[in-house]
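Same order as they appear, the protein sequences are chains A, B and C.
Going letter by letter, the first sequence gives residues 1 to 329 in my numbering.
Going letter by letter, the second sequence gives residues 1001 to 1329 in my numbering.
Going letter by letter, the third sequence gives residues 2001 to 2329 in my numbering.
No wet-lab data here; the hints were simulated from the structure.
The structure presented is a predicted model; accordingly, all values stated were derived computationally and were not measured.
Check the hints yourself; a few may be wrong.
Said to hold, decoys possible - The calculated label-pair distances, taken between Cβ atoms and stated as ranges, are:
hint, chain 1, residue 1, chain 2, residue 2, range
1, A, G32, B, T1128, 18 to 26 Å
2, A, I319, C, G2215, 19 to 27 Å
3, A, D89, C, G2215, 28 to 36 Å
4, A, I122, C, G2257, 51 to 59 Å
5, C, H2301, A, G257, 47 to 55 Å
No residue lacks a Cβ here, since even glycine has one placed at the ideal position from N, Cα and C.
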Amino acid sequence: MENLPDRSSAPLPADASAQAEADLWNVQGIVGQLAEIRRKWRTVNAQHAEYGVESFPSRVRLAKVVEELCGALFPLRLGPDFVRLHNEDTFVTQTLQIAFSRLQAQVRLELTYSSPDDGRDINDDRATQIVLALGRELPEIRRLLDIDIEAAFRGDPSARSLDEVLICFPGLLAIIHHRLAHKLHLLGAPLVARIISEISHGQTGIDIHPGAQIGEGFFIDHGTGVVIGETAILGDNVRIYQGVTLGAKNFPLGPTGALIKSLPRHPVIENNVVIYAGATILGRVTIGAGSEIGGNVWLTHDVPPFSRVYQAREQNLVIRPSSEDEAPA
Amino acid sequence: MENLPDRSSAPLPADASAQAEADLWNVQGIVGQLAEIRRKWRTVNAQHAEYGVESFPSRVRLAKVVEELCGALFPLRLGPDFVRLHNEDTFVTQTLQIAFSRLQAQVRLELTYSSPDDGRDINDDRATQIVLALGRELPEIRRLLDIDIEAAFRGDPSARSLDEVLICFPGLLAIIHHRLAHKLHLLGAPLVARIISEISHGQTGIDIHPGAQIGEGFFIDHGTGVVIGETAILGDNVRIYQGVTLGAKNFPLGPTGALIKSLPRHPVIENNVVIYAGATILGRVTIGAGSEIGGNVWLTHDVPPFSRVYQAREQNLVIRPSSEDEAPA
Amino acid sequence: MENLPDRSSAPLPADASAQAEADLWNVQGIVGQLAEIRRKWRTVNAQHAEYGVESFPSRVRLAKVVEELCGALFPLRLGPDFVRLHNEDTFVTQTLQIAFSRLQAQVRLELTYSSPDDGRDINDDRATQIVLALGRELPEIRRLLDIDIEAAFRGDPSARSLDEVLICFPGLLAIIHHRLAHKLHLLGAPLVARIISEISHGQTGIDIHPGAQIGEGFFIDHGTGVVIGETAILGDNVRIYQGVTLGAKNFPLGPTGALIKSLPRHPVIENNVVIYAGATILGRVTIGAGSEIGGNVWLTHDVPPFSRVYQAREQNLVIRPSSEDEAPA
Chain A
1 MENLPDRSSA
11 PLPADASAQA
21 EADLWNVQGI
31 VGQLAEIRRK
41 WRTVNAQHAE
51 YGVESFPSRV
61 RLAKVVEELC
71 GALFPLRLGP
81 DFVRLHNEDT
91 FVTQTLQIAF
101 SRLQAQVRLE
111 LTYSSPDDGR
121 DINDDRATQI
131 VLALGRELPE
141 IRRLLDIDIE
151 AAFRGDPSAR
161 SLDEVLICFP
171 GLLAIIHHRL
181 AHKLHLLGAP
191 LVARIISEIS
201 HGQTGIDIHP
211 GAQIGEGFFI
221 DHGTGVVIGE
231 TAILGDNVRI
241 YQGVTLGAKN
251 FPLGPTGALI
261 KSLPRHPVIE
271 NNVVIYAGAT
281 ILGRVTIGAG
291 SEIGGNVWLT
301 HDVPPFSRVY
311 QAREQNLVIR
321 PSSEDEAPA
Chain B
1001 MENLPDRSSA
1011 PLPADASAQA
1021 EADLWNVQGI
1031 VGQLAEIRRK
1041 WRTVNAQHAE
1051 YGVESFPSRV
1061 RLAKVVEELC
1071 GALFPLRLGP
1081 DFVRLHNEDT
1091 FVTQTLQIAF
1101 SRLQAQVRLE
1111 LTYSSPDDGR
1121 DINDDRATQI
1131 VLALGRELPE
1141 IRRLLDIDIE
1151 AAFRGDPSAR
1161 SLDEVLICFP
1171 GLLAIIHHRL
1181 AHKLHLLGAP
1191 LVARIISEIS
1201 HGQTGIDIHP
1211 GAQIGEGFFI
1221 DHGTGVVIGE
1231 TAILGDNVRI
1241 YQGVTLGAKN
1251 FPLGPTGALI
1261 KSLPRHPVIE
1271 NNVVIYAGAT
1281 ILGRVTIGAG
1291 SEIGGNVWLT
1301 HDVPPFSRVY
1311 QAREQNLVIR
1321 PSSEDEAPA
Chain C
2001 MENLPDRSSA
2011 PLPADASAQA
2021 EADLWNVQGI
2031 VGQLAEIRRK
2041 WRTVNAQHAE
2051 YGVESFPSRV
2061 RLAKVVEELC
2071 GALFPLRLGP
2081 DFVRLHNEDT
2091 FVTQTLQIAF
2101 SRLQAQVRLE
2111 LTYSSPDDGR
2121 DINDDRATQI
2131 VLALGRELPE
2141 IRRLLDIDIE
2151 AAFRGDPSAR
2161 SLDEVLICFP
2171 GLLAIIHHRL
2181 AHKLHLLGAP
2191 LVARIISEIS
2201 HGQTGIDIHP
2211 GAQIGEGFFI
2221 DHGTGVVIGE
2231 TAILGDNVRI
2241 YQGVTLGAKN
2251 FPLGPTGALI
2261 KSLPRHPVIE
2271 NNVVIYAGAT
2281 ILGRVTIGAG
2291 SEIGGNVWLT
2301 HDVPPFSRVY
2311 QAREQNLVIR
2321 PSSEDEAPA
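Chain A extracted, bound-state conformation (with noise of 0.2 Å):
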């Protein structure tokens, strides 16, 4: 979602100065109405507007971020066209200072929203903190992100080269955008990480929170339609296709009858297992290393290692003439 109207390119109507003072649109009725909703909304929810309401990250200053990293990861091929080989380090040096300001922002943000007694210069510091450390994994991250890239292309027939991997595979977007939000949802930054998540699954329908620990040469296919949840344990290797699903069974209530947050409660996947489409895998199983799990399966339960799980769909499908009656769907 754009939050940001863009006023200087979007002027308000010819009329509407002169207008300023007049109620145009009728619309002082509506804001007192809305003003009051959220007065009351603060009052019940104090416990949320305490936490610094007037803070919080932007998903479009982030959408920003994430670009100025991945440009900054692969100059040649996302960063923009003026970069050459002789000013790459030159474009890289000024993209990662650019960047990691606007991340410190936007992470200091995320901190006086969550912790606003902390003071201005605890939050402040912080950030730096949780930048900088960001910033010392950019070459790990790097190194990995080669390692699914090659992955992809050694698994899929249609890639002509690792470029065009690179450039054209959505699941690589989405791995790009995870690497990053795993690394800052571990360095404290948990709200920042899920908005990059999630610019990441509107731009690819790979839905991947930034909790779930993936290991090295992770291929995702096509990849609409994919989940995996923020407890899951992926291993290195592992190759899913669209629609995938890495979910929770089902949700253990507290005491209070209110949700237990954040309990290990997806999928542990083993080294070097692949999941065909629309496979959906639910609960804290564990699918050993080598397994092959088919198409549309659905399974709640631990796979050995080595493992092929499919349907027997043989004995299900109806096929029959055609005739004039009720289409089947």
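For chain A, the structure is supplied; the task is to place chains B and C on it using the hints.
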């Protein structure tokens, strides 16, 4: 789809002004053929062509209007970052005045398109009435959205705050768009409504027809692939997951062999129903209150209240050790 | 992914020019490590690096070109709102001239990348020939799209007009992109074609490889999650719904153990076939003309013409009264 080529930032190539008289890229033949196709199309589809061929609402401009309405509904979260507690009402006032003016122009285009014979003044007045009526509903829409946000927060263990739900959950983005679009659909601007729905569909992968009736406390988790049809009716506190379809089973044909439009053909989902990922419910069936529909279930008949419907899956799964022959899918 | 950081609207922080010499955010170490990773990568992947490491088509620029081509194909609907009947041809002329120039630059980048040894002049000329050939096909593409629009209108009870289909239906957006991309794929610009496909995939959730051959009157309803593979062949008047996969069953390996690229491995769908939501058809199988494939069906073998294939679902559904124990999913 962005449909406004930005001329200012992307001028003609350097040598183009010199060649402006020339036929750069030999386009004249193509232009002529395209014009001929349009001329013929308009002759064949005269009923459409007469319906204000020059008038049609703009997806880009409606996206802007919806952004502004989102900002007015949640100024500190979905508005621009200069909004603070002290200037909230000023921001909401100005934003609504701008958004309503722009929306009126788009609704007027729809009315000119669908009822060109009614004349400019009548359509202009109708458009104004529709926008004023939408405005009066905004406080109620905000009230409903607050209940939706609380339902999502209660239903998802990964949500840390109500604000996180509002900013990060695509289901919320979809329901904001739907509640605005549904009202416009009822008020007589079904095309503007449909465009708003599709803006949300493109961003979230959640496809809710503006005609669908949805009660209070609606929560869609993850959401990619959800489809809710035109005549679906959902009660209060309904929760659905990614990939759920509430669709039509078949499409009755009228005496001319053409589809009958707008007949009730989608499910009725009563209060407090949960529908898990990938379930498909088709036709004008009723799912009784308090029922749970399991993942991937395919339902084309009524279900009584407080039912649990799920697949008897175990017997159909084949699990065997991996070998080197063909992959299962 | 937007890859053009917008420097004008987002200048360096106020104090940055003063610190330009300093190492803001201590990035020098990171920059050095990233440079070293790139250097090693280019050594290991020399065959790629030589392929014009500085040349690669831009997703952002191609998105612009496609917007312009859409405007030229449907000026009053997908063009900017200053277009009227009286200036349609002028608009189409200027827009095609700009779009072709820009597209030629992107195709040239692809050719330089894939065939750097052929030299600047040869690649420049080839790119021009490809764009001229695409231009000659535009009237035919418009003709096909008109038939697609009519097929959608006939097939969906919620559609009120042909224009609504064009503006609102993501399936139309996908097929516009595909018909352009497929032509570019055949003309020798497969990378530019693939990028155009992925622009559409990101916007619609519909993933059609540019290699897929698709006949007249193609209609995709809702569309999120649809995947159509590189070597699929679809006849005329095929209709598919959300979540349908036309995929590969397995990937033969060549003598070196690497995947064999581009072998026929996706389904052939004959004329007048309907495939309902969530169906999965895998491998080089043929679905005979006039068949209907039911929702969620999983098919890996041929089906004769005029078949109806659906799941025998009833026997596998368990319906029982709700209790307080664990949720079904």
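Here is how each hint holds up against the structure:
no.	hint	verdict
1	G32/A <-> T1128/B: 18 to 26 Å	21 Å, holds
2	I319/A <-> G2215/C: 19 to 27 Å	24 Å, holds
3	D89/A <-> G2215/C: 28 to 36 Å	51 Å, violated
4	I122/A <-> G2257/C: 51 to 59 Å	56 Å, holds
5	H2301/C <-> G257/A: 47 to 55 Å	51 Å, holds
Hint compliance for this structure: hint 3 alone is broken.
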